[in-house]
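There are 2 protein chains.
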Amino acid sequence: MTTPVILVLDTDPSPRLGRLTGRAVVRYADERTLAGQLADADVLLVWDFTSDAVREAWPGDGPRPRWVHTASAGVDRLLCPELAASPTVVTNARGVFELPIAEYVAGLVLAFAKDLPRTLELQRQRRWRHRETRGLAGSRAVVVGAGPVGREIMRLLHGLGVQVALVGRTARRTIHGIEDLDRLAAGADWVVCAAPLTEETRGMFDARFFGLLQPSAHFINVGRGPLTVEEDLADALRRRWIAGAALDVFQEEPLGPSSPLWDVPGLLVSPHMSGDTAGWRDRLGEQFVSMYERWAAGEPLPDAVDMARGYPPSPDVPS
Amino acid sequence: MTTPVILVLDTDPSPRLGRLTGRAVVRYADERTLAGQLADADVLLVWDFTSDAVREAWPGDGPRPRWVHTASAGVDRLLCPELAASPTVVTNARGVFELPIAEYVAGLVLAFAKDLPRTLELQRQRRWRHRETRGLAGSRAVVVGAGPVGREIMRLLHGLGVQVALVGRTARRTIHGIEDLDRLAAGADWVVCAAPLTEETRGMFDARFFGLLQPSAHFINVGRGPLTVEEDLADALRRRWIAGAALDVFQEEPLGPSSPLWDVPGLLVSPHMSGDTAGWRDRLGEQFVSMYERWAAGEPLPDAVDMARGYPPSPDVPS
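Chains A and B, in that order, are what the protein sequence lines are.
In terms of our numbering, the first sequence opens at residue 37 and continues consecutively.
In terms of our numbering, the second sequence opens at residue 37 and continues consecutively.
Calculated from the structure, these hints are not laboratory results.
Where a beta carbon is used, it is the ideal one built from N, C-alpha and C, also for glycine.
A portion of the hints provided could be inaccurate.
[Stated by the list, open to error] Restraint ranges, calculated between C-beta atoms of paired labels, are given here:
no., chain 1, residue 1, chain 2, residue 2, range
1, A, D242, B, R163, 24 to 32 Å
2, A, E168, B, R238, 23 to 31 Å
3, B, R163, A, E235, 29 to 37 Å
4, B, A332, A, S252, 32 to 40 Å
5, A, E168, B, R59, 26 to 34 Å
6, A, R219, B, R275, 51 to 59 Å
7, B, R130, A, E168, 15 to 23 Å
8, A, S294, B, R238, 49 to 57 Å
9, A, R191, B, R154, 23 to 31 Å
10, B, H166, A, D88, 14 to 22 Å
Construct all of the structure, not just a fragment, from the sequences and the given hints.
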């Protein structure tokens, strides 16, 4: 057997791949050179997960990698009909981002409940203004997205005494189906989006949806930008249909300095960083190395992406 | 038996006292008139807990209230040698502020871990700057103050995966004695003060203490202002001995616009609001009314302040 070739979509050497020396040939590609190098690769490691290059370069026929791994939770930038129809296995960085994202969401919810952005603004103005804040325990959250990220968000918020409803595509056990979303959202203090981007979820948070919410509600998106119709959210905030929102993901990233989103009242903008705690790149590298070892030994890769749905399987859904 | 007189230290009618109509005579006093009215009062309700008037007006001998209740967690503004030596029972607002304060502390810890103040600053500048943040789970906190507030802080942080050490005056069961504080603080990511203000704790967080902490540590005070030597904390932040701090309580409140604390780098200033969630005044009023009913029926009041220690008893300390 010849030494397998791992093609890395990234310009910088990825951490930890040195541990595969002698067991794999590691090559690097950028968006320009990817198409020409795919045919010779056994494995494609998508380290730069913000790129659409895979979708554009994926060969319809002919030789191609047997395994594609992306160093991200979402797989939306990868999937295309050709890849979905091919026998190639696609995996994601399950296990790396869940807890950091859940902590980030808990931090946002508490910041809103405790009026922290206003406190920082008043501090800049050297003004002492006592306000009453909101109790978090006993408040209601709807988490949209019943995958590992949504579940971890539910776990942390539940630990803070929040009543959490989890909404997935289809109802099962303790998870609500999407048909319950409007009703649950209308009674929620916090609506958190941790859903995958698919053709079904694109633009689902729009004017109609924001119109259902309570004026005291907050919306948080840590999933993918195109789930939110950004102009509708900005409008809902300006008209005070809802009390506040936080976006960590956007239609276009990075958000340019001229974007109107930067100063929408009540909108907290952060640069797609909710999952990235110190050491995250090392953890992603270690995860890939250990998955490679399984793959090279001929073992099956767990949690491969379900091509029809467009995301990895949930633990309690029969595949 | 004549109808008891409740004297309220506050200029506005307190909520809920109307429920005592016919069962008590309710009178109001301000700082100026308090001394002259104390002799005729059976009960003193200290609604304006920021006042030192009780300490100044308390009679050495002669008639005085048999019960003093303060609508606050801390009792430091009340206690004086004359009150401590008298048979008068002193109670505080146990049960009202613990959870709100603990949520507030969890919000501050997460805000620091997730670099939220900097995110808001960058948003004002319309700058997209991805940063790595800190994972909260597995980090270490020391909570100073083993009363109900400190315990609730421990419970919430523990639920977020933080390893929490609780430090009280004396070691008992799972609580560390004050002699362990230096060692624990030296290894902590978060040092939270929820201790009562007594002659023993005044000024305990000073240059010597901040010098023990890790450069990555954060200090949070939701107890009482005079526990912190404010100039020493400002100095520690300017010299980067520690990474950040949040003060919700101050030597002098309200903090004046000319205070140097407003713009110390890394210091988050909030206006003594950590425990004040919507409805708090109603809850304090209800609590007093229900305690009054016990008192009027001749039942003992639970959790009376231990005059020698200067704070209410902890559940697991024999009184």
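Tested hints:
1. A:D242 / B:R163: 24 to 32 Å: Roughly 28 Å apart at Cβ, these two residues keep to the hinted range, so it holds.
2. A:E168 / B:R238: 23 to 31 Å: Holds, at about 29 Å.
3. B:R163 / A:E235: 29 to 37 Å: 33 Å, holds
4. B:A332 / A:S252: 32 to 40 Å: Once the Cβ atoms are compared, 39 Å apart, the range 32 to 40 Å for S252 (chain A) and A332 (chain B) holds.
5. A:E168 / B:R59: 26 to 34 Å: With Cβ atoms ~29 Å apart, the hint holds.
6. A:R219 / B:R275: 51 to 59 Å: Once the Cβ atoms are compared, 55 Å apart, the range 51 to 59 Å for R275 (chain B) and R219 (chain A) holds.
7. B:R130 / A:E168: 15 to 23 Å: Check passed, 20 Å falls within 15 to 23 Å.
8. A:S294 / B:R238: 49 to 57 Å: 53 Å, holds
9. A:R191 / B:R154: 23 to 31 Å: 27 Å, holds
10. B:H166 / A:D88: 14 to 22 Å: 19 Å, holds
Violated hints are absent here; each numbered hint is respected by the structure.
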